[in-house]
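*Asks:* Here is how the chains run, residue by residue.
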Amino acid sequence: MIEVRNITKVYKTGEVENKVLRGISFSINEGEFVAIIGPSGSGKSTLMHILGCLDVPTSGQYFFEGRDVSQFSDDELADIRKNKIGFVFQSFNLLRRATVLRNVMLPLAYANISKSRREEIARKSLLSAGLEEKHFHQLSNQLSGGEMQRVAIARALVNDPAVVLADEPTGNLDSKTGEFVMETFRKLNEQGRTVILITHEKYIAENARRKISIKDGEIVEDVVNHY
Amino acid sequence: MLITDLFEETCFAISANKTRSGLTILGIVIGIGSVIAMISIGQGATGSIETSIQSMGSNLITVMPGFQRSFSQVSVGRGSAQSLTAEDAEAISEGVSFVRATAPELSGRYQIVVKGKNTNTQVVGTVASYPNVKNIEIDQGSFISEQNVNSQSKVAVLGPTTSDDLFGEGAIPVGETIRIKGINFKVIGVTKSKGGTGFGSQDDMVFIPLTTAQRFLAGADYVSTISIQAESPQLMAQVQTEITNLLLQRHNISNPEAADFSVLNQQDILGAASSITNTMTILLAAIAGISLIVGGIGIMNMMMTTVTERTREIGLRKAIGAKKLDISLQFLAEAVMLTFIGGAVGILLGSGLAYGITFFTEMATKISLFSIVLAFSVSAGIGIGFGYWPARKAAKLNPIEALRYE
Numbered sequence: 004m005i006e007v008r009n010i011t012k013v014y015k016t017g018e019v020e021n022k023v024l025r026g027i028s029f030s031i032n033e034g035e036f037v038a039i040i041g042p043s044g045s046g047k048s049t050l051m052h053i054l055g056c057l058d059v060p061t062s063g064q065y066f067f068e069g070r071d072v073s074q075f076s077d078d079e080l081a082d083i084r085k086n087k088i089g090f091v092f093q094s095f096n097l098l099r100r101a102t103v104l105r106n107v108m109l110p111l112a113y114a115n116i117s118k119s120r121r122e123e124i125a126r127k128s129l130l131s132a133g134l135e136e137k138h139f140h141q142l143s144n145q146l147s148g149g150e151m152q153r154v155a156i157a158r159a160l161v162n163d164p165a166v167v168l169a170d171e172p173t174g175n176l177d178s179k180t181g182e183f184v185m186e187t188f189r190k191l192n193e194q195g196r197t198v199i200l201i202t203h204e205k206y207i208a209e210n211a212r213r214k215i216s217i218k219d220g221e222i223v224e225d226v227v228n229h230y
Numbered sequence: 234m235l236i237t238d239l240f241e242e243t244c245f246a247i248s249a250n251k252t253r254s255g256l257t258i259l260g261i262v263i264g265i266g267s268v269i270a271m272i273s274i275g276q277g278a279t280g281s282i283e284t285s286i287q288s289m290g291s292n293l294i295t296v297m298p299g300f301q302r303s304f305s306q307v308s309v310g311r312g313s314a315q316s317l318t319a320e321d322a323e324a325i326s327e328g329v330s331f332v333r334a335t336a337p338e339l340s341g342r343y344q345i346v347v348k349g350k351n352t353n354t355q356v357v358g359t360v361a362s363y364p365n366v367k368n369i370e371i372d373q374g375s376f377i378s379e380q381n382v383n384s385q386s387k388v389a390v391l392g393p394t395t396s397d398d399l400f401g402e403g404a405i406p407v408g409e410t411i412r413i414k415g416i417n418f419k420v421i422g423v424t425k426s427k428g429g430t431g432f433g434s435q436d437d438m439v440f441i442p443l444t445t446a447q448r449f450l451a452g453a454d455y456v457s458t459i460s461i462q463a464e465s466p467q468l469m470a471q472v473q474t475e476i477t478n479l480l481l482q483r484h485n486i487s488n489p490e491a492a493d494f495s496v497l498n499q500q501d502i503l504g505a506a507s508s509i510t511n512t513m514t515i516l517l518a519a520i521a522g523i524s525l526i527v528g529g530i531g532i533m534n535m536m537m538t539t540v541t542e543r544t545r546e547i548g549l550r551k552a553i554g555a556k557k558l559d560i561s562l563q564f565l566a567e568a569v570m571l572t573f574i575g576g577a578v579g580i581l582l583g584s585g586l587a588y589g590i591t592f593f594t595e596m597a598t599k600i601s602l603f604s605i606v607l608a609f610s611v612s613a614g615i616g617i618g619f620g621y622w623p624a625r626k627a628a629k630l631n632p633i634e635a636l637r638y639e
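Protein sequence lines correspond, in order, to chains R and Y. Going letter by letter, the first sequence gives residues 4 to 230 in my numbering. Going letter by letter, the second sequence gives residues 234 to 639 in my numbering.
Be a bit skeptical, because a hint or two may be false.
Simulated restraints on C-beta separations [stated by the list, open to error]:
#1 C244/Y x E18/R: 46 to 52 Å
#2 R189/R x N534/Y: 44 to 50 Å
#3 N534/Y x L130/R: 40 to 46 Å
Derived by calculation from the structure, the hints in this document are not laboratory data. The beta carbon of each residue, even a glycine, is placed where N, CA and C say it ideally should be.
For reference, chain R alone in the conformation it holds in the complex (with noise of 0.2 Å):
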């Protein structure tokens, strides 16, 4: 579903190049749980902006269910993030007066689904992440860590996205709520989603069923978890 083919990402900052990304390449089926884990510094983030289609490739291919996006314009590479992915990141980035509800409606918003049916759908997506009922109409910024990680999870999820990208989604959070978050994660996999994790912590990325490292812009491993 996901295959990059010898990725790389040069940032210039004046005369000096700095790569981040140094030929990557690999592909992830439907249904994987996968962790990238690497040291700060190793372009993983940068990895993780690729696969989420927030930037491109300086060079090299990157197929998303068969289509090369890496030479996409903005407004395609949103249209993308709009209906295929599902992001849940490290510091929740909910809107904070809003209520649980309306945070997780607001992708609904943009991809246009009728004002009816979004309260229900966003009501399943709250419910599968592992949020309480009621918690549905409390403002987000009422909420402990480890609750506003799931109400975040559950927007990742109201779009039924192909796959689902975790930036650091335990960073935040002490190790128990973590530990209650990487349940979450597990249990969609289970039911089918792909998931893409992305952690410098070693012990996160045992979740995951298969790990990939990354270190100065390259893959040093690529394994498969033994549960």
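Model the placement of chain Y on the given structure of chain R, informed by the hints.
*Replies:* Chain Y in isolation, oriented as in the chain R frame:
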């Protein structure tokens, strides 16, 4: 995104920071309000000047003496010549077509005395047709008759203001005697009030027969003005030309440039007065417009702050699929909504102000649809104009950097 979603988002964003939105809106309210108030004051003034000029008579053409040329080539000034006569007036009413009436007059300011009270006012020596030409109506008694003019009678008709000044308000002065320049005049009538105060008011005047004024007051037989009423507004230009030609012929002047009189059309006076008041209106509106621009800059300032504050939100919206257009429309809609609310309140406030001014100072104001449409389109323009830059800034944000923004 649907329009209704955009609207909802906009209301949500504006109500999220009520104080700041309120203050920004206030800037627009003051701008639009003052534009509306200023234009209505200006147009009110135009209107009242126009009515007061119209009240001097309809389809009026005025002939005034020109420069007094002396042999030493010293010009004493326009209007000073004593070149017009009552015969000129008669010739006009007989020789020019489409003239309804003519009224020569000889006026001057004199001290008028009645039993210990006195006033200084305009004394107009004129003929019986004067009320028709100048739209004057008689309240008590009667106006000067042809008989009075022919026999140089010492009779006077008072303007209502003069009557009040000399005899007290509500008095009936008909039959009383007044003294002008030491000569006794019998009051035979009082005219109806025409409104208007100050310079040129036809309420503060005394009318006496032309011949009496020439003989006893001026001691000469010229007239100072000839007023002519044309039959219709369309014929005024033609009548004006005919009068000019006739008088040139009568005064033996071949070069029209050297004419010793000038013929003024009421439309010209109206035009001159309107152009003055229009300039004043534009000036007032321009001053008010400056505050509107300041209000617009306030909007831009707030939108810039909002975009910076909500950088992460913009990043998130982009990550979940918002296109550039979605983002710029969202911020543009906020700016437009702010100016729209400000504009609506401003129109109410400006109209209220105009009503207040009329109510408390009796100064005429006129709220025109034009000024409301103008204010509204200007405020919409400001919303779009001053909202565009911040909206573009928001739309151009890189989603990755926006998401990382602290």
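*Asks:* For every hint, state whether the structure bears it out.
*Replies:* A quick look at each hint next to the structure:
no.: 1; hint: C244/Y x E18/R: 46 to 52 Å; result: holds, 49 Å
no.: 2; hint: R189/R x N534/Y: 44 to 50 Å; result: holds, 49 Å
no.: 3; hint: N534/Y x L130/R: 40 to 46 Å; result: holds, 44 Å
Checked against the numbered hints given earlier, the structure satisfies every one of them.
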